[in-house]
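Asker: Below, each chain spelled out in residue letters.
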Amino acid sequence: MDTLEKAARILVLLIALAALYMLFNSISYYWIFMAITVVLLYSGTLFIIAYNENRKPAPAKPEEWPSLSVVIPSYNSSAFISKTLDAVKAIKYPKPLEIIVVDDASTDGSYDIAKKVQGIKVIRRERNGGKAGALNVGIKAANGEIVACIDSDTFPKPEVFMEMVPHFAEKKTAAVTTVIMVNEPTGILGYLQEIEYYVAFVFFQKSLSLLGSLMTTPGPLSIYRRQVLLDVGGFDEDNITEDMEIALRLKDNGYDIECCTTAAAYTEVPKTISHWLRQRTRWYRGKVVNGIKYAHIFFSPRHGGFGSVIYPLTFVAEFLTVVSFSLVVYLTFSNLSGIAAWLAVKELPTIAIPTSLMAVQSSWYFLALTLILWLYFIKMSFDIYASKIRWRHLPFIAAFLLFYSFLISSAYFISYAKEILGSKYKW
Amino acid sequence: MNIYIKAAIITLGIFLAGMYAIKSVDEQRIEALRADIDSSVLDTEATRLLFLYQDATGDPNSTAFCRALTEMSKNQMERTFKLATQLSLAENNNVLGDYEMLKRKYYLTNFELYIYQKQLERSCGAKPFEPVLYFYSLKPCPQCIVQGQVLDRVVSECPNVRVFAFPSDYPEPVLTALLSRYGISSVPTIIIKEHFKLEGPQEKEKIKELAGCMQ
Chain A
0 MDTLEKAARI LVLLIALAAL YMLFNSISYY WIFMAITVVL LYSGTLFIIA YNENRKPAPA
60 KPEEWPSLSV VIPSYNSSAF ISKTLDAVKA IKYPKPLEII VVDDASTDGS YDIAKKVQGI
120 KVIRRERNGG KAGALNVGIK AANGEIVACI DSDTFPKPEV FMEMVPHFAE KKTAAVTTVI
180 MVNEPTGILG YLQEIEYYVA FVFFQKSLSL LGSLMTTPGP LSIYRRQVLL DVGGFDEDNI
240 TEDMEIALRL KDNGYDIECC TTAAAYTEVP KTISHWLRQR TRWYRGKVVN GIKYAHIFFS
300 PRHGGFGSVI YPLTFVAEFL TVVSFSLVVY LTFSNLSGIA AWLAVKELPT IAIPTSLMAV
360 QSSWYFLALT LILWLYFIKM SFDIYASKIR WRHLPFIAAF LLFYSFLISS AYFISYAKEI
420 LGSKYKW
Chain B
0 MNIYIKAAII TLGIFLAGMY AIKSVDEQRI EALRADIDSS VLDTEATRLL FLYQDATGDP
60 NSTAFCRALT EMSKNQMERT FKLATQLSLA ENNNVLGDYE MLKRKYYLTN FELYIYQKQL
120 ERSCGAKPFE PVLYFYSLKP CPQCIVQGQV LDRVVSECPN VRVFAFPSDY PEPVLTALLS
180 RYGISSVPTI IIKEHFKLEG PQEKEKIKEL AGCMQ
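For the record, the sequence lines run as chains A and B. The numbers in numbering that gives the first Met the number 0 rise by one with no breaks, and the one at position 413 of the first sequence is 412. The numbers in numbering that gives the first Met the number 0 rise by one with no breaks, and the one at position 120 of the second sequence is 119.
Treat the hints with care, as some may be off.
[What the hints assert, rightly or not] Which residues of chain A face chain B? A few of them, derived with a C-beta cut under 10 Å, are:
| no. | residue |
| --- | --- |
| 1 | 33 |
| 2 | 45 |
| 3 | 47 |
| 4 | 57 |
| 5 | 58 |
| 6 | 210 |
| 7 | 226 |
| 8 | 326 |
| 9 | 328 |
| 10 | 334 |
| 11 | 337 |
| 12 | 346 |
| 13 | 348 |
[Said to hold, decoys possible] Calculated cross-link-like contacts (lysine to any residue; reagent style SDA-like; alpha-carbon spacing at most 25 Å):
| no. | chain 1 | residue 1 | chain 2 | residue 2 |
| --- | --- | --- | --- | --- |
| 14 | B | 117 | B | 157 |
| 15 | B | 126 | B | 22 |
| 16 | B | 5 | A | 375 |
| 17 | B | 205 | A | 348 |
| 18 | A | 345 | B | 151 |
| 19 | B | 207 | A | 339 |
| 20 | B | 205 | A | 32 |
| 21 | B | 5 | A | 370 |
| 22 | B | 5 | A | 339 |
| 23 | B | 138 | A | 32 |
| 24 | B | 203 | A | 335 |
| 25 | B | 203 | A | 312 |
| 26 | A | 345 | B | 214 |
| 27 | B | 5 | A | 315 |
| 28 | A | 345 | B | 22 |
| 29 | B | 207 | A | 348 |
| 30 | B | 22 | A | 27 |
Since the hints were derived computationally from the structure, they do not count as laboratory data. Computed from a predicted model, the values in this text were never measured in an experiment. Even glycine gets a Cβ: it sits at the ideal position worked out from N, Cα and C.
Make a model of the complete structure from these sequences and hints.
Answerer: As structure tokens, this is what we get:
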């Protein structure tokens with residue numbers, strides 16, 4: 000990028016920040032919280048209605064099970080690859096599975112580890128070409144009717160394919176997704192993500208699929224009709240979120256994506272904030288990049304409710320998240336002078352504890368509503384996946400409701416800023 | 000019915016119910032304030048009548064008049080400063096309620112009280128308490144909140160010091176006149192004994208000392 004473009008991008012970012020600042024100075028902040036509440040309420044209502052009305056009974060097992068190949072792109076995955084391969088080899092399927100590991104020029108010996116495993120094929124790429132490229136190599140080399148794309152740090156449960164494949168009942172279905180869970184969560188961040196994955200991959204994912212609006216086939220584990228993947232041109236090798244891109248491309252070509260909630264794959268998640276931030280920045284920037292690439296979906300008659308309501312709504316929600324994060328930062332900074340004042344007068348502030356309904360800011364009641372809604376989402380997710388909410392979950396559910404959203408909104412803010420600035424991608 | 004429209008109707012319903020609930024809470028808050036402010040207005044009315052009566056019938060320096068005035072002032076001061084805090088609380092917490100009238104009544108009543116203090120000093124040579132003038136902003140002003148709480152503490156520790164709080168950005172001619180008289184250019188600002196002008200958040204002890212706190 001030349002300096003002129005860089006300067007222009009910085010200017011755009013500054014103008015955006017200035018606009019936000021002027022917005023916060025002119026309207027009261029509760030309107031922003033109200034807007035977020037309305038969007039959340041609407042999405043929640045939509046999901047709840049969809050889940051209750053559009054649910055279909057579990058699909059029948061096929062008379063003839065299709066042949067299935069597993070493609071595992073691997074890059075410097077020595078920490079997990081053997082565990083992943085053990086889990087994949089343990090998957091039950093009426094036909095023998097073809098397992099292909101595509102090593103993307105690893106330098107940590109994961110290629111050698113994979114080569115030693117019996118019963119699998121290993122393809123070695125001499126030059127690193129990215130995950131999407133590795134997937135494409137594997138898909139071309141595979142023979143199965145169905146191809147399962149699994150991350151090298153993901154451990155599927157043995158029943159995954161027998162639960163997921165029946166969802167291919169309709170010819171229009173080109174891909175089936177499943178529940179992704181956090182593997183052996185550790186630390187606060189791990190447990191927060193555990194709750195997040197429950198809500199995102201169980202209730203949200205299922206509801207979206209019932210609305211014909213599933214827009215990502217998760218990288219950790221998704222299965223596709225191999226021929227369809229080849230027909231649409233395989234994964235986009237220039238895209239940072241190829242799992243979202245392929246889902247949108249499939250939808251754009253008239254295909255459906257189904258969601259199975261009776262199986263799960265456990266995946267490794269970031270354990271440090273910096274790693275987490277890198278992952279999220281990639282995801283959220285990818286959302287924007289794909290939104291621009293697939294902008295023709297917005298309000299397109301071909302895409303029905305997805306194009307006219309849900310897809311645009313996700314961008315509105317993300318934008319409001321960025322605004323609310325900026326608002327929190329703005330309020331903190333404007334209250335800094337108050338903190339300085341307390342230091343100047345050498346006194347401690349009296350904290351007023353609200354003793355009646357009157358003493359509480361009215362918009363807090365809307366906040367209470369959003370918390371109740373989220374609690375419902377969490378409960379629904381655990382119920383659908385037939386999992387019990389245990390005592391150990393409770394403090395993290397509280398932390399998730401009160402604190403994780405701030406973390407997420409900061410990630411969105413950073414992602415948007417980086418996208419405007421056109422920063423380089425970091426994996 | 001189309002699921003998107005159904006969801007929109009339900010959402011609208013919940014949202015409107017929420018707004019209605021919020022409006023009710025806001026109105027209740029305003030009602031509670033209204034009673035207090037109207038009471039204050041009547042008090043100043045009573046004081047005004049006292050002056051008029053004195054003017055119409057008697058010697059303005061009479062001790063009975065001065066004693067009555069002093070007594071009324073003390074009582075009114077208690078109520079007015081409490082009202083100020085209640086009003087700012089309502090302002091922060093209210094979302095939908097409208098109480099512009101109420102605010103105006105309050106500011107004018109407060110100002111009238113201040114004038115009576117000056118009159119009391121002139122006519123009766125009496126000063127039942129030391130008035131401290133405090134100027135704050137209606138716009139978000141974290142330093143003003145700090146100064147307000149400090150002044151609360153001064154008032155509770157010094158029975159002879161009372162605070163008159165005036166907003167620096169409310170469009171009322173008497174307030175503008177007051178601002179220009181003391182040359183108020185920033186908030187928070189405190190005026191003590193007519194000639195100490197303190198700008199920015201001030202320490203409690205300093206205010207107590209300058210005002211001559213008698214504990």
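Asker: Which of the listed hints are not met by the structure?
Answerer: 4, 5, 7, 8, 9, 15, 20, 22, 25, 28
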